[in-house]
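Student: The chain contents come next:
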Amino acid sequence: MNLSMTDSTLIQPLHRATLSNGIVVLVTENPTADIIAARIFIRAGSRWEKPEQAGLTHLLSAVLTKGTETRSSLEIAEQVESVGASLSTDSTTDYFLVSLKSVSADFEEILGLAAELLRSPTFPQQELELERRLTLQAIRSQQEQPFTVAFDQLRHMMYGEHPYALSGLGTEYSVSQLMREDLLEYHRTHFRPDNVIISLSGRIRTEEAITLIEKTLGDWHVPNEPSPTLQLPTIHSTPVCKAIAQETQQSIVMLGYLTPSVVDNSITAMDDFPTTQDYAVLKLINTHLGNGLSSRLFVELREKRGLAYEVSAFYTTRLDKAQFVAYMGTAPENTAIALEGLHSEIDRLSATPLTNNELQTAKNKILGQYALGKQTNAQIAQTYGWYEALGLGIGFDRDFQAQIASITPDLAQAVAQKYLTNPYVSLVGPASAVQELAREF
Amino acid sequence: MSSTLIETAAFPASLTTLRNGLTVIHQQTPATPVASVDVWVKAGAVFEPDEWAGMAHFLEHMIFKGTNNLPPGAFDQEVEFRGGVTNAATSYDYAHYFITTAVQYLDETLPYLAEILLNAAIPDDEFERERDVVLEEIRQSYDNPDCVAFQILSETVYQRHPYGRPILGTEETLAMQTPAQMRAFHRAHYQPANMTVVVVGNLSREAALSLVERTFDSFPSPADWQRFQPEAEPPITHIRRQELCLPRLEQARLMMAWLGPGVDSPLCSLDEQLHNAYGLDLLSVLLAEGRASRLVWELREERNLVQAINSGFSLQRDSGIFTISAWLEPDDLERVEAIICDRLSELASTPVTQAELDRCKRLLCNDYAFSTETPGQLAGLYGYYSIFARPDVVTAYPQRIRAIQAEDIQRLATQYLSPYHYAATIVRPLE
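If you read the protein sequences in the order shown, they are chains A and B. To convert a position in the first sequence, counted from 1, into the working numbering, add 151. Quick note on numbering: the working numbering labels position 375 of the second sequence as 367, and the sequence is numbered without any gaps.
For reference, chain B alone in the conformation it holds in the complex (with noise of 0.2 Å):
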């Protein structure tokens, strides 16, 4: 472990707590006349209990549907009156809803994000029609291969954790859930000490502060909720593989994942998950991305054995998740799975080169300054590590990278990224 004192750049922006418990990060950008407000809500799809799937997401829907001084769809016309954007996404973890707009509508805007968000009314009415929004939205992800492939993926991956259940739910658990519970969801999670508020824009820490403890105050009383215990996943411990047909295909595709660390382990510091993940993060790079890459260049450029094929890593709170996927010819999926774990022992045999690990680094150092140009990026960062560790280990993620050495990349191949431990999804046309 070469996890030592990191000289890190200077936060650049300020982490306030405020006295009803709300966490509001600040940057001041003063090159431009954008500012971006992101709010990010612990209420993601790990919060439902497994009978309530896709409530989270749901909730998100129903947040824009106003509350009993705001008639739906009032928040989004005040936005985009003034010009300006908003929209939404939930994922397992959080919740998060975002306006950008010039900064001298801020003030105008703001208060109706905060209304929604803190005093969601959820009409009886409202959520009988937005439930068939949400279940367009489940039959357009049927009618995507990918996203198909993907949930077969995370269900094999995760056969206990939450992580395992599709964001969106499915028919039938949407078909059970009630306003009533909803309201109930809603109060429990939408609380201050779960949310934090990012500002990002030309104005003053004083302006943003004053303008957030003004408009995210008065919170309803928290409803009781048993928080729900996501119950750990265990490792995988031999191959599990799934298979199915689609109809309409023109290719194949082979998905496979491995479980990785997780931000919120008992086992190790934060520092090490951090230090950890980013090694995963290297690994992605190294063995698909861009041309050069490991993967790319033998399966696609050489051999010609696939159209596409990527990597990525994805941090979770518990457990994330590394995958690697390709899309092929059907009659080349064994011989493509067989050489991609046969890389993987080559990178736990072999330390890679030094020409290869800087690579790797500048591209991921230069991809983390291509994605802070903007307020509503910068907004995005910081809440998303608001949600896994906090917020200003962000400006550290260069000096981090930078850290990783050839024995780590050996380390973590060798501990995460078995060619007998994994998940296997693939995926082959309908004959």
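The shape of chain A in the complex, shown without the other chains (with noise of 0.2 Å):
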């Protein structure tokens, strides 16, 4: 069987415009319900900081709505939530990102502010402190959680010297030493017109949404800088494991492998479809791996051997070289097991090709998910928009369902066998259960 529920998902077309300062406009008409929601990205993001400067971004995102020329941030504030709007900043690895919901009528007002905040925040010293306070209280709350220590040390492990390595809140450090200057800095380089795109989707016809935003942000003056450029560490594979000690309940225990970025080209030479990227190949082989109540790890090592609650996978989708974790918590006694099932899980990935019945249920349950997580008006913007920033295209929208289609039990195989072999293996969890482990393995 044949999943045909994606054919019909775009019910709305979508529409692309570029204004004459470059900001790409891409706009969804949606008239369902009273509602207009944006994503403004800029192609920036924590993988532009030098490493003395971690946590730059998201220091910036946070401080970027606390004042402007003419509005201090309780002004701002409240004129956000006396519509009953949202206004938000975020700042990840590949983009920075500014996302806005409202009703429709209140929409020009709210696009409004968002452009003012984008081209002339004044950055308050003031408020700078206090960001940085509550940042560096962030950075140590992260050590609560076993997830998160277990998923902190995997990333070190997989990425060396580049800013992937870090959670984006940057290290006590680094924070402690940002500067207005850099903020500043950081925003003349990246807030620049050729750098954005603005994503919407609701009720509001295209004509009016690409005047609306020329009149906001029409004016606003691309830079006699050449777009700036970025030299990045190479990664090096080197597979170890590592272990933390702490008295938890239950042991994480995560696998991690360097699988490639969403932009790269390189393609599993195979006869039959040779222009099938590995990064379809692997989301395809992630969803059939951890996806959901069907999927292997829920069914080998939570339903059929009660080993754990939670047990996943996930594969990110990254402009440099990507991973590929899958993980469980499980009671200390059954760290060793648990490490077990989750490698030989994913070896017998390469080892055996999927029947066709796995494949076609992954193929299904992938195109299937890609579509329910375009349903809303802010995640139909979000998607477009996203894949525009990366620099794949709207079309990337199509390409990724047609190469999910088109994969083989063989070309599933093969991509395993070139990626999925060695994995980096992170523990935490009581010292007599993670510590020995981590040596033998």
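If you are wondering where the hints come from, they were derived from the structure by calculation, not from laboratory data. Each hint can be trusted.
Residues from chain B that face chain A, not an exhaustive set, calculated with beta carbons under 8 Å:
1) Pro64
2) Thr92
3) Leu241
4) Gly282
5) Gln299
6) Cys357
7) Phe362
8) Glu365
Partner residues aside, some chain A positions facing chain B, computed with beta carbon under 8 Å:
9) Glu229
10) Arg284
11) Gln288
12) Gln520
C-beta atoms are modelled at their ideal positions from N, C-alpha and C, and glycine is treated no differently.
Quick one: dock chain against chain with the hints and give me the complex.
Tutor: Following this line, the structure appears as structure tokens:
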């Protein structure tokens, strides 16, 4: 059986326009509800941070909404909240994001405010100090959750000197050193119209949306300096196993594999389907392995053996090398069995091709969930804006689904053999459960 | 009490009671290819006797282990093979199970959901194995300081009512349970009169009703059950304080709670209870939603005393619970608690301004609009209200919010949020 929902999900057509200053506008007309959601992407993110400036993007995102030349922090908050809208900022490894949502009638006002924040933030020193303190506390608080501790260790092992090694908050040292001038410089460098994508979805007509954005941001000039370029450390694969001893109730067992970037065109040469990117194949494998109640890890390790409540896998979508991760939490006395179980289920992907039924289930699952992930206006705006920001273009929406549909058992096996053979292992749990095990592995 | 007759938007869904007593709610949403079914069962943790604590939630796990006709995991496989997602959750007053899928696969997947819900086999060997999974779930919650703190808070607030018990149960209570007891619990509670099936998607009422009638048809005969009547929770008459220290904690927690109205109160009408409950929702927004809210602005932004602070009101059948939680440095615990109490006194003595009231109303009304975009959200909302009130009161939400006046807020703060009668849980890092 092949799934047919995805054919009909794009009920609303998507329009793309580029303003004269380079801003890319994506509009999905969706009159169903009296809502407009927008996602403003800036091609920045923590991958642009120098090591000594780790956490800069996050700190900037926290202070960006706290002052402009004409408004104070309280005035900004009151303007948003008095109309019951939402306006938030977020920084990720690969992009910076401003998210807006309001009822249609208030959208122009909220967009105007977002434009002012993007173009003329003042980063008041007092607000910077407040957010710095809160960030330092947040860095320490990450240590409270065993999963976060294990994942943090895994990231460091896999990425070394690359900015992806850090959580995005930075380190206590780097955050304590950041200056207002660093924020201003980062803002000058990256916040420029030819670096901006505005994706919106909701009860608005395309022409109306473009006119509105033109009116609000059309006079934002491209600076004379060329767009910034980036030199990043190379990521070498040197799988190791490390453990952190903590007196927790559960051990966390986590396996990680370095895998291709979403923009990496490396293709596993297969005569039948020469155009399928390894990214799509790994997404499919990940779905089979760790997504949902019928996934391999869930069935084999939870349902049949009762080893875990949470057992799952994810494969990150990144501009640089990505992580393919499988993990579970288990009773300390089961740590070794859990590690062996996760490892052998992943090894089995290389040793034995998926059955036709397994492959079809994985395809239906990933395509079905992909469609279900584009239901709300915010989800729609996010999806297309993200593809544009990563440089994949909105056509990736269609291409990705076509690539998934074309994958064969042989191709999935070949890609598993290429990437999923030698894991990094991160363990967190009581010393007696993890230390010996890490040495032996 | 300003509860006057309220003009409400027409209820866009239909409400039907089938001959066997099952409630069906349906709404057609033409603009989407997605459909959701959410089945709500009055079989939450409050229906357990004390010594069976955790059984309602454990049963929710066991439902997925199949029937005499359907092996464990088969239901998940059928839904996910068609690109759908399914899951379930258990609370004190209910358990619910949902499927979201392309509308054309509803006919093929819903029969499986009905089969596992009606005819759960609860096989002995699966029971033993799944108990280990629930024990892992409990261990995971013990590693989460916020879960631990909230459980202590619940126990402090509800000293008699089962709302004070952990939904997951404990190692001890789980160890004592047997498959036979669980089968009896299931046969007693998973009966049509206790269940609501909500169908939202692009299918007609006729199609939805006929599908539900076909699939939720032959219920097993009900088991006898001594209806366990939870004891009403007496009011909190002083400050009940629980303090604990946890290892690996990087900052302290202050959690404060007050008993609120429940929808089942014998003293008030449903209308009055909802009016009060929504007023408490509004108070939680006024105190701690958004940077301009009173406590966030004062404690986080101006005085830098907390890392974060939030507030919420949780509606329940019996008494609900109003909470304020803060993450902060241990040294600031007493000061922050005192300031919060002071601000609550202010709310009782001084009416809020129109501008502040309007801000809160807009936020709540828009939150409502933002959370009714998808079939899954709508199905969840209708099902939730079918447990707590009547599903047709859902659409009156914005009208009821707009009807709230400054004097209502003052009265509610006086009546419910006393700075002298509350429960507090304080968690400090272990030295």
